[in-house]
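Chains as they are written, first to last, in my numbering: chain A, 1 to 461; chain B, 1 to 370.
I should point out that these hints are in silico values taken from the structure, not numbers from a laboratory.
Computed from a predicted model, the values in this text were never measured in an experiment.
One should not assume that every hint holds.
EDC-like, lysine to aspartate or glutamate: derived pairs with alpha carbons at most 16 Å apart [what the hints assert, rightly or not]:
| hint | chain 1 | residue 1 | chain 2 | residue 2 |
| --- | --- | --- | --- | --- |
| 1 | A | Lys205 | B | Asp119 |
| 2 | B | Lys319 | A | Asp147 |
| 3 | B | Lys111 | B | Asp150 |
| 4 | B | Lys319 | A | Asp79 |
| 5 | A | Lys189 | B | Asp299 |
| 6 | A | Lys189 | B | Glu292 |
| 7 | B | Lys25 | B | Asp150 |
| 8 | A | Lys219 | B | Asp150 |
| 9 | A | Lys284 | A | Asp79 |
| 10 | A | Lys189 | B | Glu334 |
| 11 | A | Lys53 | A | Glu327 |
| 12 | B | Lys111 | A | Glu383 |
| 13 | A | Lys219 | B | Glu127 |
Derived coverage of chain A by chain B (criterion: at least 3 residues anywhere in the stretch with Cβ under 8 Å from a Cβ of chain B; other residues may be distant) [as the list claims (entries may be wrong)]:
| hint | stretch |
| --- | --- |
| 14 | 134-147 |
| 15 | 173-179 |
| 16 | 183-191 |
| 17 | 409-416 |
Just so it is clear, CB atoms sit at the ideal spot from N, CA and C, and this is done for glycine as well.
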Amino acid sequence: MSGAAISKDSVYLHWAARNWLRILRLGVNPGPARLLKIRKRYPWVSGFLKVNKLMARLMGERRGAYRQATGFVINRLIDALAIIVRDIHRRRDRLIWHEDLVPPEILHAMGLMPFMVEMLGIVLPMVDCALGESYLDEAENAGLPADTCTLPRMSLGLALRDHFPPPLAIVSSNSPCDGGMSSYAFMQKLSGAPTFRLDLPYRFKDDQAVDYYTNELEKMIAFLEERTPGRLDEEHLREICNERNRAMELELTLWDMLRHRPAPLGSDVVFLAHMLFFGLFPGKPQATRLYTGLIDYAKQSLREGGGIPDEKYRVLLWNPATLIFPEIFSWAESEFGATMIMEMLTFNRHPLIDTSSRRNMLRDLARIMMQGPMSQHTRGPVEYFFDDLFFIHEHYSTDMIWMAGHVGCKNTQALLGMMREKCRQRQIPLLTIDYDLGDSRVVTAEGIKEQVRMFMDTVMR
Amino acid sequence: MKQIIDSFSEALAGYPRAADDGDCKRIGYLCSYVPGELLGVQGVTPYCMRAPHCIGTDLADTYMGRVTCSYTRCILEAFEEQRYDALDGFVMTTGCDHMRRLHDNLAYLHKPGFLRLLDVPHKISEEAVDWYAGELRRLADDLAEAFGLDFNEAALREAIVKWNRARRLMVEIDRLRLADAPPLSGAEMIALSAGFGARPIEANLRDLSGLLSAARAESGNSRARARLLLVASQLDDVRYIEAIESGGGLLVGEIGCSAASSFEGEVDERAEPFRALAARYLAKLPCPRMMEEHSRLLDRITAMRDQRRADGVIIAALKFCDTWAWESTLLLRELRQAGIPVLRLEREYFFSGEGQVATRVQAFLESIGK
Chain A
1 MSGAAISKDS
11 VYLHWAARNW
21 LRILRLGVNP
31 GPARLLKIRK
41 RYPWVSGFLK
51 VNKLMARLMG
61 ERRGAYRQAT
71 GFVINRLIDA
81 LAIIVRDIHR
91 RRDRLIWHED
101 LVPPEILHAM
111 GLMPFMVEML
121 GIVLPMVDCA
131 LGESYLDEAE
141 NAGLPADTCT
151 LPRMSLGLAL
161 RDHFPPPLAI
171 VSSNSPCDGG
181 MSSYAFMQKL
191 SGAPTFRLDL
201 PYRFKDDQAV
211 DYYTNELEKM
221 IAFLEERTPG
231 RLDEEHLREI
241 CNERNRAMEL
251 ELTLWDMLRH
261 RPAPLGSDVV
271 FLAHMLFFGL
281 FPGKPQATRL
291 YTGLIDYAKQ
301 SLREGGGIPD
311 EKYRVLLWNP
321 ATLIFPEIFS
331 WAESEFGATM
341 IMEMLTFNRH
351 PLIDTSSRRN
361 MLRDLARIMM
371 QGPMSQHTRG
381 PVEYFFDDLF
391 FIHEHYSTDM
401 IWMAGHVGCK
411 NTQALLGMMR
421 EKCRQRQIPL
431 LTIDYDLGDS
441 RVVTAEGIKE
451 QVRMFMDTVM
461 R
Chain B
1 MKQIIDSFSE
11 ALAGYPRAAD
21 DGDCKRIGYL
31 CSYVPGELLG
41 VQGVTPYCMR
51 APHCIGTDLA
61 DTYMGRVTCS
71 YTRCILEAFE
81 EQRYDALDGF
91 VMTTGCDHMR
101 RLHDNLAYLH
111 KPGFLRLLDV
121 PHKISEEAVD
131 WYAGELRRLA
141 DDLAEAFGLD
151 FNEAALREAI
161 VKWNRARRLM
171 VEIDRLRLAD
181 APPLSGAEMI
191 ALSAGFGARP
201 IEANLRDLSG
211 LLSAARAESG
221 NSRARARLLL
231 VASQLDDVRY
241 IEAIESGGGL
251 LVGEIGCSAA
261 SSFEGEVDER
271 AEPFRALAAR
281 YLAKLPCPRM
291 MEEHSRLLDR
301 ITAMRDQRRA
311 DGVIIAALKF
321 CDTWAWESTL
331 LLRELRQAGI
341 PVLRLEREYF
351 FSGEGQVATR
361 VQAFLESIGK
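Just chain A, same shape as in the assembly (with noise of 0.2 Å):
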């Protein structure tokens, strides 16, 4: 959409304002002084500041319901952004890094504030590519291989050049792939940070690995209530379980609304709301507010003829998806009729957590964490993988599946062979996008564009 045409659209204005609001708020709470102390010292602050031109991309040619839910969603964002820019200084003595698949639902129950370590690799490439890949430079030139996966490298990045507020300490775990375990070595050498890691079984759905995983929890808490402030309040550990799991339920109901052809919503608002209710603050009533939101905006789509009236095709995208060109959910519709109708890391199904008992509780943590995307995908046995794709295919009637294929993701580049003789077999078209998560120098933009384009036009004539 030209800068003409936004300066027209009264919704994007609308929700563009909204996010100026919250975030002159900061102003008030830091306050100006001590936000630009907090700008100096952390510059991917800045980087927040252009939400509104991501909001732009995504909303692209989307109309009615649907535009005003991905306006909703990126509010929201901000709204979870600013609050963490906020807690990083007013928190800085509850603060714990912590690994992207270790449950923060536990640290807010301690009264700890978490801080997603890999948080900043996922929204600055989506926000500002070119903030995003000099951390990569840093990291590279600090010896590590351009091969590696760019979401830790990225984090490497920040914490060499000091960009990360300092932790009490650390939590990881083996999850969700040799990468990204790894880093935490690293990470821990440059904090100075006590660190503690969760080990993952490799068949974790046996009884036996949720036993030993539950147990690995109790071994977390313990470890940081010895050398942090925080301590764990079953009964607040039980209210945050509690607003999980309505917050839950509405994402069930919003995943079945996305089944009606055509889908009343895409899944890029879909992935952003999951990452930022279950992945940031899971366990908060505003992400049952969030849920509720969409559901509304979802039922008026529905109303209006759906997101896209003219839906051709459904696509199903597979491996976390490109952080450098986030508006191709918004591209396939325009371009191709296609909605992006769900995607590897939202559609995480797991029983509501039983919160009869401390023990019951830590162990549905347990299952949701060890079954949860991407562990799912990447750590357990291979079976885990497919069966999961597939039966979101059918689950959602997709068309297609498109994979985007993570440079530096070996894991899943090691199952390319299979996947598309296992696609196939069952006569899905397949895609295959090369390109990097985090750097757009790998392949940009519009490269996507064109392999994306190669594929509709001779696969999907």
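Here the structure of chain A is known, so what remains is to put chain B in place on it, guided by the hints.
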């Protein structure tokens, strides 16, 4: 001495052949976390899998891509070429992402009659040892059922005792290299330590014992241009070591899963066998796939460097190995901070770039004034 080393080199250079004794089962295994003892009880012979003389991985690349570890791709290629037909079964581990995906592709493409994946914990604790002991028990049960074997405690203890003896011999031979004039070169030592897994344990015991006596009497090489320590992941091609040593440098110690240092640490012969095996293998000199062992690895490198008076350290990690990529970057930083000269080489599993290796090592020696 040369004759014995040649016999190890020959074993290293070839693929497994059918056992002379038709009743003896041969089980191929990948990863230094697989206890060879368990595959060496009566009626079974272990074979540590390699892909000697692999010159390309075109078939394997079709399935595993080109940006994955070339060791695992070479192994898959050798399967495609039916190089392991003489083996009766295969045991792998969850050692790293690449090995797990090798297992997955193997199960998909070839479905060997016996293929097991051991879940090796990523850290050391009492619970982890229990977990791994359970994995080993299940493996023993599966082997017993598949091949009609009797994994009784006495047989397992006998295997443990033999392997401990072999370990002691290997460590003693390796320690001779502390001398000013080491009797063995790095290439010869790698032939022994990597070739060990391709030979029956009885032959290893006999020959290592003979070699130890002979090596003690050897005058050794006192004219080396520099003494070097090698840190490397899977490395079983003697030619690579020869390229490193071609410029006059002499390896006086190696750290890695194919090196003599991997023989350090014995299995407790008095403890319950499965738990003893699990404890020894989890606590052995670590692979970077272990989450909490970086400091131990660093300490071992610096101690070995001091003990063996090495002038510099060469890290030769396999390209595309995620765990070594991170580990070697951190090691590089810390060794340099400690004032230890260090050179990092990236390599493929299949032998290539001989000239480049020699040139870079030459330049490294010059940079440290040797």
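How the hints compare with the structure:
no.: 1; hint: Lys205/A to Asp119/B; result: holds (13 Å)
no.: 2; hint: Lys319/B to Asp147/A; result: holds (9 Å)
no.: 3; hint: Lys111/B to Asp150/B; result: violated (25 Å)
no.: 4; hint: Lys319/B to Asp79/A; result: violated (42 Å)
no.: 5; hint: Lys189/A to Asp299/B; result: holds (15 Å)
no.: 6; hint: Lys189/A to Glu292/B; result: holds (12 Å)
no.: 7; hint: Lys25/B to Asp150/B; result: holds (13 Å)
no.: 8; hint: Lys219/A to Asp150/B; result: violated (39 Å)
no.: 9; hint: Lys284/A to Asp79/A; result: holds (13 Å)
no.: 10; hint: Lys189/A to Glu334/B; result: holds (10 Å)
no.: 11; hint: Lys53/A to Glu327/A; result: holds (11 Å)
no.: 12; hint: Lys111/B to Glu383/A; result: holds (15 Å)
no.: 13; hint: Lys219/A to Glu127/B; result: holds (11 Å)
no.: 14; hint: 134-147; result: holds (count 5)
no.: 15; hint: 173-179; result: holds (count 4)
no.: 16; hint: 183-191; result: holds (count 5)
no.: 17; hint: 409-416; result: holds (count 6)
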